[in-house]
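K.L.:
As you go down the protein sequences, you meet chains A and B in turn.
So for the first sequence, our numbering puts the first residue at 1; every next one is plus one.
So for the second sequence, our numbering puts the first residue at 1; every next one is plus one.
It should be emphasised that the hints constitute simulated quantities derived from the structure, not laboratory data.
Check each hint, because a few of them may be wrong.
Computed cross-link-like contacts, DSSO-like style, restricted to lysine-lysine with a CA-CA straight-line distance of at most 30 Å [to be verified]: (1) B:K55 x A:K100; (2) A:K77 x B:K55; (3) A:K100 x B:K41; (4) B:K55 x A:K58.
Which chain B residues face chain A? A few, computed with CB under 10 Å, are given here [stated by the list, open to error]: (5) V11; (6) I12; (7) C13; (8) F28; (9) Q29; (10) T32; (11) Q42; (12) L46; (13) K64; (14) F67; (15) S95; (16) A96; (17) T101; (18) G106.
Just so you know, even glycine gets a beta-carbon here, dropped at the ideal spot from N, CA and C.
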Amino acid sequence: AQSVAQPEDQVNVAEGNPLTVKCTYSVSGNPYLFWYVQYPNRGLQFLLKYITGDNLVKGSYGFEAEFNKSQTSFHLKKPSALVSDSALYFCAVRVSNDYKLSFGAGTTVTVRA
Amino acid sequence: GAVVSQHPSWVICKSGTSVKIECRSLDFQATTMFWYRQFPKQSLMLMATSNEGSKATYEQGVEKDKFLINHASLTLSTLTVTSAHPEDSSFYICSASRINTEAFFGQGTRLTVV
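If we strip away everything but chain B, and leave its shape as in the complex, we get (with noise of 0.2 Å):
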């Protein structure tokens, strides 16, 4: 099946500084990738919709300044987390889908941030 590599699979980072997050479909090309953010047992929340060449579109209460996607290639979209602060820690994950398939997830990004 298709694969989504997401990188890296855990962080820690200090309050105010910023932290990028990659996801790749390696297999397919994905024009539309999406975001996710997950609180320990619950379920995913979307955050973003990545559209390749053009802006992310965010779902409502999501801050757009503070989590910036770019969706760079068809094969490459990333979560840049900036001035990070305790309450952005969480685990954050990528998914991409083809037409007619399943979604495909990456292995997810754990965020610490002290």
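So that you can see chain A by itself, here it is in the shape it has in the complex (with noise of 0.2 Å):
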């Protein structure tokens, strides 16, 4: 089985500060972790994947996210956040033999001008 938790149902910054939206997995075997974004209406947006490689991953947007074996972690990060940042985020996990994703609950992002 395999799970991905959010901890976080909302996250306020101000425009300019730092972002970090959390995410934390579980899967048998090693995971295909992605992150979405959504935005009202409207389906999901890829912001950027890890498959194998380097555990920092740059993506779409400025974002990032680090890839972190031992604490099964993979947190997305934007050194300075933008009021057009402010979404819904979802965290999602694979293995490689399957397609079927699992998502977090989502994070909705608050970005304050």
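Reconstruct the complex from the two isolated chains, following the hints.
P.N.:
See below:
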């Protein structure tokens, strides 16, 4: 079985401040980890992924995430948040031989001007 | 990147009627597609796995006779909500994947049953 936990329902930061959205996972085998962002009434947009290689992954719109195997975490970070980053963020995991994704509950990010 | 197109973006239908939602992979062949349901400000709930040329695999608790899935080609999967009722109102999202890549999601369909 595989699962994802996003411990924070909401994250609020001021524009220009660092943004962190937490994610921990549980899988049997090597994880494929993903971050997606969703704006109201829209599908999910891909931000970044970890499959193999460097633990620090850089993605779209200035986001990055660090894969930490010992802590089974994959936290999303952005050094300087923008108001336009306000959205719903999902962490997801799957294993290599299965396309089925497991999603976290989602974290609503609000960046205030 | 790969594109998955979902149509319609929104639909309003009368209670008791059926609604079909299409999901197309525009620039790659997808032997497997997924259908999700999402309630407001909640996560995606996997409804079923759509397999090209064979029957869909439904998650526990999802009524297969109510949510008919057809994956007739490598680029098209359809979800038909039969005899829709107000409780079926929701946001439905499809996705498709290629080997060793991220999943690509459709734009979503807002279904309102009145």
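K.L.:
Against which earlier hints does the structure fall short, listed by number upward?
P.N.:
Going through the list in order, the structure violates hints 2, 4, 5, 6, 7, 8, 9, 13, 14 and respects the others.
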